[in-house]
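Could you put together the complete structure from these sequences and hints?
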Amino acid sequence: MTVSTRELANNRVVEMETAASGRRARARRKRIGRAMTYVAAVLLAFWVLAPIYLITITAFSPRSIVYGYPKDLIPTEFSTETMDFFVNATGVQAALLRSLIVAVVTLVLSTIIGAPAGYAISRFVFKGRDAFRLIVLSTRAFPIVILSIPLAVTFIQWGIYDSIWSVALMHTALALPFTVLITSSIFVSVPRDLEEAALTLGCTPASAFMKVVLPLALPGLAAASIFTFVLSWNEVFAAVILTLRERTLPALILSQLNDSPIPFRFAAAWFLMAPSLVFIFVIRKYLLGLWGRVSR
Amino acid sequence: MRGQRLGWAPYALLLPTLAFLAVFFAMPMVRALGLAFRDADGGWSLSSWDTMFGDARFREAMTTTLLLIVVIIPVQFALAMAMALVINARLKFSGLWLYIYAIPLGISELAAGIIWYAIFTQQGWLNSILESVGVLDRPFIFLNYQNQGWLIFCIVMAEAWRATSIIMIILVAGLQGIPRDYFEAADVFGATAWQKVRRVTLPMLRPSVQVALILRTILAFQAFAVVLALAGSGTTVLSAEAYRWYYDIRDSQVAAAYASVILLLSIASTILFLVLLPTREEQMG
Amino acid sequence: MGTRNTGVLRLLPISRRGVIKAGAGAAAFGGLGLRGASMQVSAQDGGEVVFLSTQLGQVTEAEAMRSTILADFEGEVEFITEDLGPFNDRIAAEAQAGSGSVSLIGGQHGDFASFAADGLLMDLSDLATELQDRNFPEQYLELARYGGESLAFIPWMQATYVMAANRSALQYLPEGVDEAALQTSLTYEQLSQWIMAINEAEGPKFGLPVGEMGLYHRFLQGYAYPSFTGGLNTTFTSDAAVGMWQWLQDAWQYANPQSVNYDNLSDPLLTGEISVGWDHTARLINALRENPDNLIAFPAPRGPEGLGFLPVVAGLAIPNTSPNPEGARALIEYLTRPEVQAVTLQQVAFFPVVEGELPEDLGAGVQAEVAAVQATTSDPAALQSLLPVGLGEQGGAYNDVFKATFRAIVLDGSDDIPGVLAEQAVNLQAVLDTAGAACWTPDPASDGVCQVGSGGAATPVS
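Chains as they are written, first to last, in the numbering used here: chain X, 733 to 1028; chain E, 73 to 357; chain A, 306 to 767.
For the record, the hints were derived by calculation from the structure and aren't laboratory data. Heads up, the beta-carbon is just placed ideally off N, CA and C, and yes, glycines get one too. Hints may contain errors.
[Unchecked claim] Here are a few chain X residues that face chain E, going by a calculated C-beta distance under 7 Å: (1) A773; (2) A849; (3) T936; (4) A938.
[What the hints assert, rightly or not] Interface residues of chain A toward chain X, partial, derived using beta-carbon atoms under 8 Å: (5) R371; (6) T373; (7) D377; (8) E381; (9) I385; (10) A398; (11) S571.
[Claimed, not checked] Which stretches of chain A does chain E cover? Using the computed rule of at least three CB atoms under 8 Å from a CB of chain E, they are: (12) 359 to 368; (13) 561 to 567; (14) 576 to 584.
Below, the structure is given as structure tokens:
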């Protein structure tokens, strides 16, 4: 660090001496800066990946090693003992299936309900637009745990308490603010000119949307769906309160966590974490588009 | 503008969202708030507020919550900014860096809490590493309620790891919205890297920063799985208290009072960020 | 060995009414008729008994329950576990709705109190009569009546709390105490000397389950308070109680501060983060099973007033809204068979409530606990408490008073113990008043609501 600062300082002195060497120095400075950026990139990646590595080797070690100390950074023994126990524990597979269904229902519902609103914010200037955005965002300010309590009563009255539907409805409500904001940013990225061209060519607004906007927005919408999916996959507190037998996977894990042995907890954490490696990989190209224009 | 032509259309498009949020957010919210102002017999009362303010853990929960937010958010912004600048530097494998930095976006609080417990617990990874390199000769107890500094440090690390991605992505997207010419112009004037960040990047990023701050703060008020996993009963935060009063003590009125406090704080912080960081649009009216 | 253990497992000192002989088999066959009936009924509504329990929620326990303990039941059972909060919500909601999906509920006797008071549970007196040969402890049946006529639950299984230690810590035992003495004569004083010596050599290695879900309030209610003061609520602010808190404050210096993170002590015992600790038998069994060579179990220490201990009885009850009461009754019959009770002990370390012989092959871990529990109950100084009785919905608030007191005195290290106790006594009385609960053992019976006090003349000496 000190060396490079000194070098930089030296560079500046040299720079003042001659223009030609200044150019060289600037090039060198740029090279050093670039090298440092790589170092930063690696360090930051290490920061993110190290815990993932540690939980992975913990989850795939035999119990004796999980309980042992000090632990070896290079795994000496591979074992699926704990993971097998976790995956085959009663209810885990059924809960996994439920989690998947809830997540799919959530993403379908929230897209159907929220995408039109997102489209409206992105395409129209109307009175109350900012108020609407604020309302939508502010809904997230209320703690889910407390929200779930009155909702549980409502769901009991409707006869859908303790079903994947009640969880899916709740998750839709949680995902909706994001869906609206994210879809609006996707629609913003579809050039308005194209849509207008379609309109002048005789399309109705609806068919212009279907034929022009939707195809262009589809990849982004798909990525947004995956984001919704992840949100539902991870949500646990509403799921715990709204279900009893029809537990989703995180709810099942949370309800059994208190006094489960630590190898089981580590296996569960790994199992909950692992899909995100895949999901984020699938949508990595769209992440910026999804979240980027939320701020505008 | 063009919207006028279809005056009713935007409202029709908003309707499903508004209706859904009314049923699944507004109604339960009003009912939950109502709970906070009633006593056990259903009459109007402030007794649950008295109970809450009188509870020994209320002050601890309040200070820890605020302290965590005050510490975590700058740390996360620094980290997120570093990540965003790295990505914006267009290194080789830029897709890979973005992917890696974004991974925690999909990791739940629950999983993150367990993962960091594995690291910080007395016989955990951090002590294993520190001992093997000879820094320690006996495991150090990080998760020690008697040493709130370390406890807060551990929670901050875990939260910074888990929840920085979302800020990073908003910032990267904001950065990419800044025209390259601005940086080139800065280069021409011989600006240093730091000057470029201060004079060009940060001002241009203001809207992104604002959104990220609001979003992150609101979610931070609700987070507690990580705190619970790392601190146990060694410290507490407001949302954990709401949960405890609802689950353990079976008093949904006091739980609702806690929820109302969280709601108030969220609204207050949102307004604060809107005022402190006006975006250009708002500045111009 | 099996014979020697017969009956010893009763945590309550009850008169023995004849050791079971061929009775077990008879009971099993006696149940067949019932079961046949239930099969017919259940055939009509899917044949399933939904069994909701606050007990055996830990994943390994639930797994053992489903795959082993319930394996021989002829009907179909769906065993679900739930924390007490949601459990209460669910039963209350079903009662309110007038129909339910839960056929049978299992929980600690305190868990059922509010349901029993609200009349949400079927009277099982006739079933108890049918199951007479089980010889349930009369005191447990009395508990199940909650002061009324109707029998709210059938005893299911019982547990208690013991201490566990790593053999490596035995070298630091104070003079005059050896491994054998741990089983018979350890005092609170010796315990603190011991953990102090461990602390000097290896760091703070005493543990209590002080996590959010830990059961340390039971240590206060059933162990420390009775052992030091001979009472609980009635001696809450007594001088002896101040002495007890001083002991705890002192001992806490040698406790691993990460205790605030421990919901159970099995994990820290196995990792070596602690080497001595106190916890529920079912929460220690994991460690004792995993590492029987290095870990030992022994009774809690004794104080000036005796060896306080707290048996926990779990029962089985049928809500009025049960969709399959016949199936539920058949399941109760099944679960209380001596051989099933023995399997329950072997699998999940919950002790039988019926008389019967124990299998030889309990496994080293369970065997260690059986010995420790046996040493506790047979100790002449044994001073038995009950879980809080009649608190209903206030159970959480009651425990919270003890947790808050612990927090103020032990964690925050208040130097004004009497002041804290006086302050918390007000809260404690408020909880008891709200619940309208009379005193329970170890406090002497009271006519009206139990009065928090400083002992004095009313101090029971047992």
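Cross-check of the supplied hints:
{"no.": "1", "hint": "A773", "in the structure": "holds (5 Å)"}
{"no.": "2", "hint": "A849", "in the structure": "holds (4 Å)"}
{"no.": "3", "hint": "T936", "in the structure": "violated (12 Å)"}
{"no.": "4", "hint": "A938", "in the structure": "violated (10 Å)"}
{"no.": "5", "hint": "R371", "in the structure": "holds (5 Å)"}
{"no.": "6", "hint": "T373", "in the structure": "violated (12 Å)"}
{"no.": "7", "hint": "D377", "in the structure": "violated (17 Å)"}
{"no.": "8", "hint": "E381", "in the structure": "violated (14 Å)"}
{"no.": "9", "hint": "I385", "in the structure": "holds (6 Å)"}
{"no.": "10", "hint": "A398", "in the structure": "holds (5 Å)"}
{"no.": "11", "hint": "S571", "in the structure": "holds (6 Å)"}
{"no.": "12", "hint": "359 to 368", "in the structure": "violated (count 0)"}
{"no.": "13", "hint": "561 to 567", "in the structure": "holds (count 6)"}
{"no.": "14", "hint": "576 to 584", "in the structure": "holds (count 3)"}
In summary, the numbered hints that this structure violates are 3, 4, 6, 7, 8, 12.
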